Amino acid sequence: MKSANRTQKLLRWWQRTFPCDRVLTQRIAKSVVNSTVALIFCLIPKVRKHLGAEPSMLPMISVIVHPGRRISGTIQGTIFCLTGLIFGLAYALFGRFIAQRCLGHNWKHLEESQQYALHYQRYESALAILAVFETFMLFFHGWMRSVSHHYFGIVFPLFLVVHFAFLDPLNDPRSTTAKAYTVPFYLGIAMSIFWNLVLFPEFGSTYLGNSTIDTLNMIHDTVDDSVNFFISVDMEEGQSLYSKPPCSLSKLLKMKSTIHNKVSTCSMVLNECIYEISYSYLSPTQLKPIINIFKSLAMYINGLANSCQLEFTLLARDNMREGDIMHINTDKEITYADFEQFDKVLCKLRPSIYNLHKILSESIYIAKVILSNAYDVKLSRVKCPEIFGDDGTTRYKSKKDLPTDFDIDQHRNSLYNALIDFDVQFREEMIGVDNDFLSPRDEMFLLSSFLMNFKESTKSVITILDLVKEIHAARKSRESKGWLRGKSIWFTCLNSFQTFMIWFKGSYSKINSVNENQTLKGGAYAPENQLMAFLATRRPSVEEHDLLSQQLESSKDLKDFATPAELPLPAVASSNSNPSNPIKAKNWRSKGLSYYFIIAIIKANRFCRRSKAHFRFGFQVAVALMLASFPMFVPKTRPWYIRFRGAWVGFVCILCMEPSVGGTFWAFFLRMLGVIIGSAWAYLSYAAGHHQTDPYLETVITAIGAVPGFYFFLGTPYVRAAIIGIISIYIVLLAAVLPSSVHDTILTSFAKRCFAVGYGGGVALIVQVIFFPSKARDELNKEIAFICGSISELELLYATGLEGESLKTSLTQERYDKMTYISQSAKAALSRADAYKGLARQEPRLKGEYTELEKVFTQIIFVLRQIVERMDNASLLRKQYGSAVIEELNSVAYPYRRQLVGSICCLMRAMQEAFLNKTPLPQFLPSARIAHRRLINMVRRALKNRYRGRLSALQSKSPSKLIHDDDSDEEQEIMINVKRRNREADSQGMLAPHEFALKERFLSWSASSAAMEEIIEYVEELCNLTKILVGINEFKYGFLSRPLYEDWAAEAATGFDNFIQGKRARKEGGLRSGEPAISEYSELSGSSVSDVVQDPVALHPEEPGVPLNLARIASHKAGHNGDDLPAPFRKRSFSIGSLGGQLGLWRSKTLGDTDSDLDVADDTSDEELPLALKRIVTGDRRNPP
1 MKSANRTQKL LRWWQRTFPC DRVLTQRIAK SVVNSTVALI FCLIPKVRKH
51 LGAEPSMLPM ISVIVHPGRR ISGTIQGTIF CLTGLIFGLA YALFGRFIAQ
101 RCLGHNWKHL EESQQYALHY QRYESALAIL AVFETFMLFF HGWMRSVSHH
151 YFGIVFPLFL VVHFAFLDPL NDPRSTTAKA YTVPFYLGIA MSIFWNLVLF
201 PEFGSTYLGN STIDTLNMIH DTVDDSVNFF ISVDMEEGQS LYSKPPCSLS
251 KLLKMKSTIH NKVSTCSMVL NECIYEISYS YLSPTQLKPI INIFKSLAMY
301 INGLANSCQL EFTLLARDNM REGDIMHINT DKEITYADFE QFDKVLCKLR
351 PSIYNLHKIL SESIYIAKVI LSNAYDVKLS RVKCPEIFGD DGTTRYKSKK
401 DLPTDFDIDQ HRNSLYNALI DFDVQFREEM IGVDNDFLSP RDEMFLLSSF
451 LMNFKESTKS VITILDLVKE IHAARKSRES KGWLRGKSIW FTCLNSFQTF
501 MIWFKGSYSK INSVNENQTL KGGAYAPENQ LMAFLATRRP SVEEHDLLSQ
551 QLESSKDLKD FATPAELPLP AVASSNSNPS NPIKAKNWRS KGLSYYFIIA
601 IIKANRFCRR SKAHFRFGFQ VAVALMLASF PMFVPKTRPW YIRFRGAWVG
651 FVCILCMEPS VGGTFWAFFL RMLGVIIGSA WAYLSYAAGH HQTDPYLETV
701 ITAIGAVPGF YFFLGTPYVR AAIIGIISIY IVLLAAVLPS SVHDTILTSF
751 AKRCFAVGYG GGVALIVQVI FFPSKARDEL NKEIAFICGS ISELELLYAT
801 GLEGESLKTS LTQERYDKMT YISQSAKAAL SRADAYKGLA RQEPRLKGEY
851 TELEKVFTQI IFVLRQIVER MDNASLLRKQ YGSAVIEELN SVAYPYRRQL
901 VGSICCLMRA MQEAFLNKTP LPQFLPSARI AHRRLINMVR RALKNRYRGR
951 LSALQSKSPS KLIHDDDSDE EQEIMINVKR RNREADSQGM LAPHEFALKE
1001 RFLSWSASSA AMEEIIEYVE ELCNLTKILV GINEFKYGFL SRPLYEDWAA
1051 EAATGFDNFI QGKRARKEGG LRSGEPAISE YSELSGSSVS DVVQDPVALH
1101 PEEPGVPLNL ARIASHKAGH NGDDLPAPFR KRSFSIGSLG GQLGLWRSKT
1151 LGDTDSDLDV ADDTSDEELP LALKRIVTGD RRNPP
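The sequence shown maps to residues 1 to 1185 in full-length UniProt numbering.
Any given hint could turn out to be false.
As the list claims (entries may be wrong) - Simulated restraints on C-beta separations: (1) Thr-919 with Ile-599: 56 to 62 Å; (2) Val-769 with Glu-803: 50 to 56 Å; (3) Lys-108 with Tyr-596: 47 to 53 Å; (4) His-743 with Asn-917: 55 to 61 Å; (5) Asp-694 with His-743: 16 to 22 Å; (6) Lys-46 with Asp-694: 15 to 21 Å.
It is worth saying that the hints were derived from the structure and are not from the lab.
Just so we're clear, the structure is a prediction, and the values are computed from it rather than from any experiment.
Each residue gets a CB set at the ideal place from its N, CA and C atoms; glycine is no exception.
Working from the sequences, and respecting the hints, build out all of it.
Structure below.
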């Protein structure tokens, strides 16, 4: 028994440490077979003589263009490699041709040693020509890698051909050089395509269908869990309408990042399909509209999850009422809401929400079944909704159970009618609610945030059903023609200019920019448990200038420069002026050479400023490679360099070069590790073959060693170590086996390979540190500053009408497109910041350990991601519905809105400059919280003043008559409004208060106000984290003050511990829970905040309700079975700020990170919540800005 248990534990440990699924196993098998066959071809003399002078290039190219990816990825890699090979060979032949002309007419007859002895000057000039060509090639290589890592697949083969061709003897004819660098390369590429098609072929169209179904499954689960959490989290198990209890908050919030990953994978696979020729019933591009809908649907689902987070904060409100009113406490705004009143309204709406949710869930399931049938996806991948129990819904287990025709129209109409009924019932129920609840307040904000996102999610599903209907009709039409005539060959490769640009610039979106590891792997597949690779992509050089400029409208172009400034003319003179004035016509003739020279200088200056990073990295690559390879261009040292396998030195050096110091450190370490392991295994293979006497055993041992190499290559982020390790196995072995001018033993080859990695990697590291070093820490600060500036720009675009102008549309399509572009750039910068955060750990530091700083940056990245997500959701809702405050009350609200926008932008710009310049924050920062509360109080006051005389008459009205939408002219919009026929109100153009509050535009503003409150909370927390890094100028602490991260972390952990247990230590003073920091009374009277303490308000203690297990709601692993928090959690909470010991809380990974390696299917414990989220949920602000 003990041995069996140990075996099971060992197997579980092995599966957890080295996960390997069926797809990865097949890819490893294909790659090993391909490389082994390439090695066998090199070992057969009859085949080897046809491979040219460099047969060892065959196994090398078989590893670079490996078949361990989908067909589309292999074709993409083939196109890139062929492009690099063609241009590289042409460039190398041209350089050698000019060098040979320097040697004279006898270059064919004299070897290099004879040229050195007889024609030293000519020989030196020829090598100098090669050095110049090599330098230009290296600079171009570094430039293209800096522009985009996507180009690595092109410039790396180009470097191989040029670098190795310049080491060949100068007396070799062009035909010999061309054969040496074409036959093995093209044969290796052909073999990769052959094995990819023959052995376990993976078509991108099939994987696209699987990815789409997986994404829909994740969307389905998140919608079900979000709605269940929102309407059932405070109910007992017997009272809930669902058969499953609500999931934990930690799992729900983690699903947001998982949906983002799934949607991104779908987009990446769809773009890969343009390289593929597929044979199927339907084209893969027919899924493009559905995948595009996923992007907006993911934003709405994020809004649902954020509403659940706000509701969780509100749940603890009744247990957190202790305190003294004589102290103003700036808690989270949602804690001022009345949960009992909110719960009463939610109880009325719960049946209608449940009914709509049930039909919505059934519709998503039907859509998944139809898509799986249309794209030949196994029905086992389609997950059935289990949240409703046995409700009589048909479940399909196999394709035999599928009906001949799906009545999609019935499901679509049923969902459509359910949405209308839900909207009508919502308004009927809200008519009987007190007027105070419908006024701008936190309860209405929370409810509107959930309902608006829920309705928009339903509308997105309706659109998906319409698209699914078209796909189903097309599939049926083609199936009716038979198997042979129904299927077609879909050729989507480069069929438009857009697809050509995708091929040229990269097949991935801005948010999912690839690094060089992904370029080497190829494809969008990655195992679920794979960790993030510490390699960062560089931000496009023009992004910051194009996105963060605050004077885009007034910026001058070169055309403006060409137009001379003129004095304003009187109206009469201007009207009488002749447009064909000879003076103006003479301007273009008077332009001389100096004008065009100035224009050229201006353009060159702009280009150099924008391309500064590309110039720097290109210069670094050129200097590093020339330092590593300069002996090959010196006549005296060239023979020695060739004997010591100098080509290996340059090969290692170019692979070790990274745009940052940390990346170069990390790449050098991985290269060294891979070379040592690969060379050692090559020696083992050679020794097992008894010094080439048994090539069969030698081949088998080599193949066995390639298996773990390809596993680390294809299944882990350690791509750099794996690829050079695999190449070292073949290169070191063939260097000792193949006859050549430099014949080495296996031990000598081993030593020279290690020397190459030490010399080449060391040179790359030294150059990266000395010549224009780019530190990952500095790049991290730049990325975070870029995100802060992007958020400020998003806020300015989001806020329209700040000058009081009347607007019919609160957010135009042009502004929304700009916001989408900036949001994508900010999300891409967040991904780069994650990568730079890991790279900074590998860099040497003189100012102490980086560990604590990494934890702070982890929390900052999490906070910034939450802000961007909420900005996306708020802007999308405003684009769909508009904003009643902007469109109808802007004449009185714009000063308050301007103050709010100015406060947020001022805070974000202050933090942007703090990160860029590493300067403390200023002493006085505006309070966006107070500005937002003043705006809400102003809107509440404006509504009361506008409808004060009609409140009494409203109570006697009956809500029975309903008429549909008057807010939108689009027939597809589903906007139902409750109207009451009041001729006097109609003549005045006014609505009753309930009608105004229930208008879609006002609900949208309420939902966006909830998002804005959360944004303000996160901005304040970001300000606190920034103080930890750069400090703040405070007079009471001697000008400069810098809080400690340990204190911040301990406060967050212990505060959340007390929060979920319903505890709060009595402070010396505090406001009562139901009163905001800036009350409406003080705002109306114009008094200051300090005036609140002059009027003490009597406390009204409420009856304690049923205690809720907040620990259980926060995490299913905490507080299980009604117990308190487990002891390990309490120990971690109270020791989180300590410097010594191992902390159980992972502060280097956050719940919001897209690179999280935890399984979503399992309940995540509370220790996975980031500390910043704990502080946000707890809502305690000791030091607000």
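Hints, one by one, checked against the model:
Range check, Thr-919 to Ile-599: Cβ separation about 37 Å, and the 56 to 62 Å hint is violated. For the hinted restraint 50 to 56 Å between Val-769 and Glu-803, the CB-CB distance of approximately 52 Å keeps it satisfied. Taking 47 to 53 Å as the suggested C-beta distance range, the pair Lys-108 and Tyr-596 conforms, at roughly 48 Å. Separation of His-743 from Asn-917 is about 60 Å and conforms to the stated range, judged on CB atoms against 55 to 61 Å.
Checked against the hint of 16 to 22 Å, the C-beta distance between Asp-694 and His-743 comes to roughly 20 Å, which is consistent with it. A C-beta distance of roughly 20 Å is found between Lys-46 and Asp-694, which places it inside the suggested range of 15 to 21 Å.
Hint 1 from the earlier list is the only one contradicted by this structure; the remaining hints agree with it.
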